[in-house]
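Asks: I would like the entire structure built from these sequences, with the hints used as guidance.
Residue strings, one per chain:
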Amino acid sequence: MARSKNIPLNISGIFQLAQKENWVVEYDAMLDSFYWTKPIISKTAKLKKFLDDFSLYINHLGHIEGVFIEYAKYNFAAHNEDFKVLFDKFDQLENGKYVISTNRALDIQPILRNMADRIGNETLEAIEKGLDLNQVAVA
Amino acid sequence: MHHYSDSFTDFEGLAVCVRWTQKVWDSHLNKHPEIQSPEVASEMIRDVLATPSLVMDGTREGDGQVRTRCYYKEHKRAKNSVYFTKVVVGCNAAPHYVMTVFAQWLFWGVLVQEKKYPNFKEIWRDPKTYL
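So the sequence lines, in the order shown, correspond to chains L and F.
FYI, our numbering numbers position 37 of the first sequence as 28, with every residue one higher than the one before it.
FYI, our numbering numbers position 41 of the second sequence as 84, with every residue one higher than the one before it.
No lab work stands behind these hints: they were computed from the structure.
Because the structure is a prediction, the values reported are computed rather than measured.
Computed list of lysine-lysine pairs in DSS-like fashion (alpha-carbon distance at most 30 Å, straight line):
| id | chain 1 | residue 1 | chain 2 | residue 2 |
| --- | --- | --- | --- | --- |
| 1 | F | Lys158 | L | Lys64 |
| 2 | L | Lys29 | F | Lys66 |
| 3 | F | Lys66 | L | Lys34 |
| 4 | F | Lys158 | L | Lys29 |
| 5 | L | Lys11 | F | Lys66 |
Going by beta-carbon spacing under 10 Å, a handful of chain F positions derived as facing chain L:
| id | residue |
| --- | --- |
| 6 | Asn73 |
| 7 | Pro76 |
| 8 | Ala146 |
For each residue, glycine too, the CB sits at the ideal point set by N, CA and C.
Replies: Next comes the structure, spelled out in structure tokens:
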């Protein structure tokens, strides 16, 4: 991350958290939805959207469990060149679901790190505009 | 064989169905644990479709044909946020069919995603909603 701050919810540590917890990447082509989440999301996790393009799964303890992007390929990536390549890496599973195969998992790490950095930076900008992350955590 | 199927009527009297296989259900349940069970999911869908706070039609570029309809139902507001359920319905088959349902918190200053895109048009809005 270009800037660092002690952010509640550990938003600055999403990439490291994802690696530690073996988050999985999935694309739902029918919904054009992108998920980068824990393999099993907790029953207490809620989707919270405080950034323009990213929603975060946050559980009752304030722990982040994943990232969700709506209209991911045809709007978000289409307007964000850095992420376009991510959608070339998916393999079709079934029912319009796409996953990243094991042999491509390493290839996408720089893209995911970039995404995590962007979430961190956009969160800092939102905080500067008045966002209270403690309120996000408890909502 | 569908693991989860049900039928609904939206606020305009349009028929909407849900027909999900076990795999589709399991995938949705993992991504959106608040749906809990087919019974709870049906309650959520029925409520949103019947009395939405906001409805937006998404059209396909080129022919302008409505491909999806997004129904939102605002449930409650906190100091700086709003909690809602969203149901996305596919409109390219009859009856229309539920593609997803989930709940979300939205914080002030952030728009529901469809409002960012010109191919989505608001067709219904409760004047009291924040959404």
